[in-house]
Amino acid sequence: MQIVVTLSHVPDTATKIKISSDRKSIDPAGVSFVINPYDEFAIEEGLRTKEKFGGNVIIVSYGNDGAKESIKKALAMGADKGILIKGDLNVDSLTVAKALATKISELKPDVVFCGKQSVDYDSSAVAQMLAELLNLPSISTVVSLEFSDGKLKAKREVEGGLEIVESTLPAIITAQKGLNEPRYASIKGIMAAKSKPIEEATFDASQNKLSVNELRLPDSKRKSRIFDSEDASISELVRLLREEAKVI
Amino acid sequence: MSNKILVFLEQRNGLIKKQSFEPARKGFSLSKEINCEVTGLLIGDEITNINSLEEHGLTNVVHLKNSKLKNYSSTAYSKLVYDFAKERGYNILLFSHTALGKDLAPIVAAKLDAGYGADCTSLTINNGNLIAERPIFAGKALMNFSLNSEVKVFTLRPNSVSLTDDGYRVQTNVIINEINDEQLDLRSMVIDFEKAEGKLDVAEADIIVSGGRGMKGPENFYLLEELAQLIGGAVGASRAVVDAGWRPHSEQVGQTGKTVSPKLYIACGISGAIQHLAGMSSSKCIVAINKDKDAPIFQVADYGIVGDVLEILPKLKNELKKYLE
Ligand SMILES: Cc1cc2nc3c(=O)[nH]c(=O)nc-3n(C[C@H](O)[C@H](O)[C@H](O)COP(=O)(O)OP(=O)(O)OC[C@H]3O[C@@H](n4cnc5c(N)ncnc54)[C@H](O)[C@@H]3O)c2cc1C
Ligand SMILES: Nc1ncnc2c1ncn2[C@@H]1O[C@H](COP(=O)(O)O)[C@@H](O)[C@H]1O
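First to last, the sequence lines map onto chains L and F. According to this note's numbering, the first sequence is numbered sequentially starting from 1. According to this note's numbering, the second sequence is numbered sequentially starting from 1.
Treat the hints as calculated values from the structure; they're not laboratory data. Ideal Cβ positions, reconstructed from N, Cα and C, are used throughout, including at glycine. Warning: the hint list may mix true and false statements.
With a Cα cut of at most 30 angstroms, we get these calculated DSS-like pairs of lysine-lysine [claimed, not checked]: (1) L/LYS223 x F/LYS317; (2) L/LYS246 x F/LYS322; (3) L/LYS194 x L/LYS86.
Quick partial rundown of chain F residues pointing at chain L, CB under 8 angstroms, derived from the structure [claimed, not checked]: (4) THR98; (5) ALA99; (6) ALA109; (7) GLY139; (8) GLN255; (9) ALA301; (10) LEU320.
Simulated DEER-style distance windows between Cβ atoms [unchecked claim]: (11) L/ASP149 x F/LYS32: 32 to 38 angstroms; (12) F/ASP206 x L/GLN207: 37 to 43 angstroms; (13) L/PRO218 x F/SER162: 18 to 24 angstroms; (14) F/ASP45 x L/ILE198: 45 to 51 angstroms; (15) F/LEU163 x L/ASP219: 22 to 28 angstroms; (16) F/THR59 x L/ASP149: 44 to 50 angstroms; (17) F/GLU325 x L/LEU169: 40 to 46 angstroms; (18) F/GLU87 x L/ARG183: 46 to 52 angstroms.
Using the sequences and the hints, build the whole thing.
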């Protein structure tokens, strides 16, 4: 099976976000980058699929040289090859999807695993757009997956439960937490990754359709009225919820 | 080019979802401001609550109907929305950022080669231009942006548009377009649904009573369930208690769980780690109960009580009961 996994290289979720002086981007100074957590589930699912059916796992990322660090981690986990498409980073989801599609269409994948969301811009869009550009069906926020008779059967998380979705192959899957438990790279894996190839390509991102007017930090309008646990405080809280906040 | 707004109306089991009334209202108010047409698009089989659109300003609704469209199919739905928008020249498309909306909208945007703004918390007109705002980095920052493409697709974060009844009513005219089976691309389709054990899903609840490690054990969560039941809410959980197996993952709020913005969020014995805040910091009103007065959750709370949650919850329930009776 030809298995493709997309990987975005994102700031660690615990990082404090600072806005650059141009007020349009994030100041990268002091920010540590990691594999997007949902893409770890995608990589793991790719590796498990290869272990079951054979084939290759190819990692594709659109980003800058920094992303190589995350691609190497994926290779150390067991992926076979990496592709880094370089281009401007401040672009919209469709531009990223187009960049990824140029390379992924050449790879003729049987299945593509993505994360359900990048934890930087939180759009949950690139994977479905990629599916459309490749003319493939997609299933998003998947928590369990089964290949049978050339078809896919997946459970996808929605409000109030799980949808059971059936799809033809090839297809694109986006991974939600719960799909699997990502493995750690072994020492052997880390050594082996050193000799695995990372191919590079470039993409012209000038068709970007989104312009940032301004980034800002959320203003806290919270009242922060903190009480002790005396009975009188609890009745005061209930009164405030009722009369001031008007939420019950 | 003149503007035309299309609002996607999501149904489940033949009922238009409450979340869809928000893009409906938004579409209606934008259409007044820029003086243009707004149409609602419904895809499904029989729909039973079309009347409820009357208080949200939609006069024109088109219902694309086929019994096979009762359940969601990303391939079929996206093609139908695309064909409809393309043929009739809609250039502003609004969806709700629900599980279905965030799956469908990007596919439609790609088909239309449109700019896409996901999960917007604000959408306004400034000098005739649409200006949107959305949280990024799990709510740690906000991005104010414009789409410079001819066609623009947005999803709105649930609970970002107020639905208070202002007494305004319109007559909603529905045109039903029967769709032939041959027009359906069913490469991917929902064939079944497994209902989660909980009564009300956190992603859809107006009130959430959430518990963390400070609840001390799964046996104490009945306190939250009782409270939730009393005030019509759902029970949520921190990742720590989901990982410990006290509660199901479907209840998890946060970065790797659900993003919620209810009108009231009560955090009980939750420290307020950044990944938890990511999922709930846009709630309208936040109440925190924690025995540690320095817990970070108090920094995002409107009201807080410092003390033992296991002692406070029964008292809180009794006080609320008095009010509600
Ligand atoms: C990549 C990543 C993703 C993550 N995603 C999520 C996510 O989606 N959701 C999420 O919640 N977390 C997430 N986390 C975990 C997060 O960092 C915290 O570990 C977690 O939120 C802590 O849960 P907690 O508040 O229940 O527990 P703790 O941090 O242990 O806090 C317990 C709190 O209870 C208080 N307490 C104890 N006893 C009592 C008592 N008797 N009465 C009152 N208060 C009491 C304590 O003072 C403390 O503040 C993620 C972490 C990572 C690294
Ligand atoms: N720059 C990128 N390079 C590779 N894959 C990406 C990139 N951005 C997003 N993706 C993939 O698309 C998924 C959804 O991302 P997003 O639409 O940005 O929330 C991610 O989990 C990745 O798998």
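To see whether the hints hold, each was checked on the structure:
1. L/LYS223 x F/LYS317: 23 angstroms, holds
2. L/LYS246 x F/LYS322: 16 angstroms, holds
3. L/LYS194 x L/LYS86: Holds, at roughly 21 angstroms.
4. THR98: 6 angstroms, holds
5. ALA99: Cβ of F/ALA99 sits 4 angstroms from chain L, so the hint holds.
6. ALA109: Because about 7 angstroms separates F/ALA109 from the closest Cβ in chain L, which is inside the 8 angstroms limit, the hint holds.
7. GLY139: Given a least distance of 7 angstroms, the restraint on F/GLY139 holds.
8. GLN255: 6 angstroms, holds
9. ALA301: Constraint on F/ALA301 satisfied, holds at 6 angstroms.
10. LEU320: 6 angstroms, holds
11. L/ASP149 x F/LYS32: 32 to 38 angstroms: About 53 angstroms separates the Cβ atoms of L/ASP149 and F/LYS32, which means 32 to 38 angstroms is violated.
12. F/ASP206 x L/GLN207: 37 to 43 angstroms: 41 angstroms, holds
13. L/PRO218 x F/SER162: 18 to 24 angstroms: 19 angstroms, holds
14. F/ASP45 x L/ILE198: 45 to 51 angstroms: At roughly 50 angstroms between Cβ atoms, L/ILE198 and F/ASP45 fall inside 45 to 51 angstroms, so the hint holds.
15. F/LEU163 x L/ASP219: 22 to 28 angstroms: 24 angstroms, holds
16. F/THR59 x L/ASP149: 44 to 50 angstroms: 48 angstroms Cβ-Cβ, so the 44 to 50 angstroms window holds.
17. F/GLU325 x L/LEU169: 40 to 46 angstroms: 58 angstroms, violated
18. F/GLU87 x L/ARG183: 46 to 52 angstroms: Holds, since F/GLU87 and L/ARG183 (Cβ atoms, about 49 angstroms apart) stay within the stated range.
The structure shown violates the earlier hints numbered 11 and 17.
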